[in-house]
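Enquirer: Starting from the given sequences, assemble the full structure and let the hints guide the process.
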Amino acid sequence: MTGPATNKPVQEQSDVTIRFAGDSGDGMQLTGMEFTRTTAIFGNDISTFPDFPAEIRAPAGSLAGVSGFQVHFGDHDVHTPGDAVDTLIAFNPAALKINLADVREGGIVIVNDDSFGKTDLKKAGYENNPLEDGTVGGRKLFRVPISKLTKEALKDAGLGEKQMDRSKNFFALGLVCWLYGRPLEPTFVWINQKFGKTPEVADANRRVLIAGHAFGETCEFFHSSFQVAKATLPPGRYRRISGNEAVAMGLVAASQLSGKDLFYGSYPITPASDVLHNLARYKNFRVKTFQAEDEIAAITSALGAAFAGDLAVTGTSGPGLALKGEAIGLGVMTELPLIILDVQRGGPSTGLPTKTEQADLFQAVLGRNGECPVCVIAANSPADCFYCAIEAARIAMKFMTPVILLTDGYIANGEEPWSIPTAASLPKIEVTHPMEPNGNGQGPVYLPYKRDKNLARPWAIPGTKGLEHRIGGLEKADITGNVSYDPENHEHMIQTRAQKIMNIANDVPEQTVVGPQSGDLLVVGWGGTAGAIRSAVERVQGQGKSVAYTHIRYIHPLPRNLEQVLKNYKKVLVCELNSGQLRYVLRATYLVDAAGLNKMQGKPFMISEIETKIHELLAK
Amino acid sequence: MATDALPQLQAKDFASDQDVRWCPGCGDYAILAQVKKVLPELGIAREKMVFVSGIGCSSRFPYYVNTYGFHSIHGRAPAIATGVKVANPELMVWVVTGDGDGLSIGGNHLIHAIRRNLDLKILLFNNRIYGLTKGQYSPTSELGKKTKSTPFGSVDNPLHPLSIAIGAEATFVARTIDRNVQHMGEVLKRAAAHKGTAFIEIYQNCNIFNDHAWEYATEKDTKSDTTVMLEHGKPLIFGANKDKGIRLNGMDPEVVWLKDGSVKEDDLLFHDEKMPEPSLAYLLSRMHYPDFPEPIGVFRAVDRPRFEEAMTAQIDEAIQKKGPGKLDDLLNSGDMWVVS
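Line order of the protein sequences matches chains A and B. Residues in the first sequence are numbered consecutively from 1, following our numbering. Residues in the second sequence are numbered consecutively from 1001, following our numbering.
Check before you lean on any hint, since a few could be wrong.
Restricting the straight-line Cα-Cα distance to at most 20 angstroms, the calculated cross-link-like pairs of lysine to aspartate or glutamate (DMTMM-like) are [as the list claims (entries may be wrong)]:
{"id": "1", "chain 1": "B", "residue 1": "1326", "chain 2": "A", "residue 2": "261"}
{"id": "2", "chain 1": "B", "residue 1": "1242", "chain 2": "B", "residue 2": "1265"}
{"id": "3", "chain 1": "A", "residue 1": "465", "chain 2": "B", "residue 2": "1013"}
{"id": "4", "chain 1": "A", "residue 1": "283", "chain 2": "B", "residue 2": "1316"}
Here's a subset of chain A near chain B, in silico, CB distances under 10 angstroms, partners left out [what the hints assert, rightly or not]:
{"id": "5", "residue": "190"}
{"id": "6", "residue": "234"}
{"id": "7", "residue": "236"}
{"id": "8", "residue": "252"}
{"id": "9", "residue": "253"}
{"id": "10", "residue": "256"}
{"id": "11", "residue": "259"}
{"id": "12", "residue": "286"}
{"id": "13", "residue": "298"}
{"id": "14", "residue": "303"}
{"id": "15", "residue": "309"}
{"id": "16", "residue": "469"}
Using C-beta positions, here's what the derived DEER-type ranges look like [said to hold, decoys possible]:
{"id": "17", "chain 1": "B", "residue 1": "1133", "chain 2": "A", "residue 2": "490", "range": "17 to 25 angstroms"}
{"id": "18", "chain 1": "A", "residue 1": "14", "chain 2": "B", "residue 2": "1337", "range": "18 to 26 angstroms"}
{"id": "19", "chain 1": "A", "residue 1": "588", "chain 2": "B", "residue 2": "1142", "range": "47 to 55 angstroms"}
{"id": "20", "chain 1": "A", "residue 1": "192", "chain 2": "B", "residue 2": "1337", "range": "17 to 25 angstroms"}
{"id": "21", "chain 1": "A", "residue 1": "435", "chain 2": "B", "residue 2": "1008", "range": "22 to 30 angstroms"}
{"id": "22", "chain 1": "A", "residue 1": "194", "chain 2": "B", "residue 2": "1337", "range": "46 to 54 angstroms"}
{"id": "23", "chain 1": "A", "residue 1": "442", "chain 2": "B", "residue 2": "1021", "range": "21 to 29 angstroms"}
Just so you know, the hints here were simulated from the structure itself, not pulled from any lab data. C-beta: ideal position from N, C-alpha, C; glycine also.
Expert: Structure (structure tokens):
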């Protein structure tokens, strides 16, 4: 596939970061996603970062209402949505104000000139017109009367003013497609699918898209357009995937691989709701989605489903995880398999619902009453969410334990290309339910707490004749599972439950590093920061520095060789989007003097931030 | 499951190996005995039954019944039972709760389980006190009640379990009394036969922290004047000599005397548990001692689709339309491209 022919000079670039920004009603998410789709089909590696306000519609033109969508694409492996923005499309003064600082020197700023009137400027808090007072600095500014040109393109379409104005994002899309040599055909197809029911809207969008493209081609503003060559991804069939899509598919895969029906209990919460939305569509996979009355019912219904033999999952974000704490404890006490998905967002309390953060690590590892260990794993990219969901299910059912799966708003909503695996390449998950009594002939015939070699208890499910038994939240007597207040038994059971979780470390891969096996510095990351950290370390390695990188997926228990890995380096740097939670755990567990790079702005790391910190540590 | 193959079980077959640990004299014993007596008569295999409870004295119930059981956390039994029932609709799921567990900490789950009309049998033991935490007032305690946490009397307006259940769109609502075991047995059987959520309030005496709470309704010399037995299609008549009735005066019930002939039976309020609208059931649930005799029996029994059946039907329909889901098809969806 090639871009439309162009007669203007073409510049080659290896990677480009574009940000669309406007009012939340301007259709920026739609525009960004459609550009991403086109770009992925074109064959570039991509990474995206939608950034939208928590309010559905903040006042028009206000700073609070600015919605953005950033896409980074390139001809090589792209690990992050990009640090500095190469091209900003700002639909109004507020969007310019919020995003201008992120545009690199020499970068392009395209504005909708029609929305820079006096009132618009005032709403954004500009006293003077920033397009005229040097605010834009050393960046290339293109003032395009997008609203006017959109109306012009639609003058004989028989649409009202408002209707015409709604198509203006397609003008920007057409313009950017021209600028980066993207074909328009995929968007035509998509417009037909999306707006097929309202042909006049479809037609308007198509016309405006073409008008935007033609404007780029003919207008004197642009002296050249940019080409980003196709990425050299390994051969195979690819699709775009977001973390929330990947989790949903991973859970369905786990259901198929284990032969267990999937039960997903959830209460709507940003940014986890899309997992519920996706799973609700998969009814022909026998997926049972249950929109519960609250977070507690979401998890307790899942526990009930686990007791009855389903692959049970509950999904939420940080505030919901807090509400689920007591029920997670019940899952630990009753030793039922359960996955708790936490798509992290900025906290505490309601915090920053639509922004990303990694500050639920303590809560996941430690946040319950009593000695209450669970397995905690963290996905490191949108596609990795797929494999982590399967792994969480495998561990939960093999070890009969709740497993907390941490993702975050950044990888949940961000997208990347994914080399699609075949179902046959995914390992089966073995699950057995006892059908016969396991007693020794004395006392009760079925012993619900008689454990296997991993210390997991058997999972007998209601409906099985002769294995009737009772479980609950009171302390259990070893083996029989009867209620017990015996002091020695309590201590024994606490230790047994903890040891069972520690045994998981023997069942998962050892920690590996990228780079030298020992040296000056080991950079440690976890969760959705993988792309930025990896890119930064690769850069520093390219400068000949003795720096290695490791990304921890198994947060609890930690990998069995991790202590040795950490101690192979003179210095350790833990990068995380919190005040140092993993660093705290590593220091406490291994007595290692780890340094931290910590960011709490509701935004992902920039590669340059990490690079700077690495240099700073190496220089010390 | 072919029920004809079932061995004939008895009440003792439903006793677990655990010692029952309620206080001597507790009303819970009578309820446990009656449930164990009724279960073998239902024609359902023991392994197909699940008892789910929350926290409180009543919630120890599952430990004493030899079926599958889940003694969970405070207030959450209806939600856990929902998961059990949705995961396996073939199971018969009982919820055992109390006035604190079901109406205070778990009030939200209770109303939502009821409105969904899952096929659950919910037994709410109402003793109008917190027993397990040793004697604080509960959401059903009367105004002015003096307890450990209300030494000057409760200023907390009580709510009424059946009014809540009816307001939450319950399809089966009944009230019975721990001391009237025969009636309890009949109501339990009716609840078991009902398709959908069956909600039963059981007046239960806590002889340690709230003794005599229901004395007016249980003692021989008062109960015929303080309670009225509901019978479908029959007028509401009560009193030791069957000489009093309930008549509607506009929208309000009133007590009338039958003996002087000025009021005939036909003038009385006739009970109809099948009324599509819950107004009558609600009105009955608002009749309280001492102004009125309190209705005992089945207030409401109507049919409405069950949540778990509707969910199963959607799944079956999706499979019929699209065929059983194939993982490869799911993975290979959306925008795809090939890198060669």
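Enquirer: In ascending order, which of the hints set out earlier in this document are inconsistent with the structure?
Expert: 11, 22
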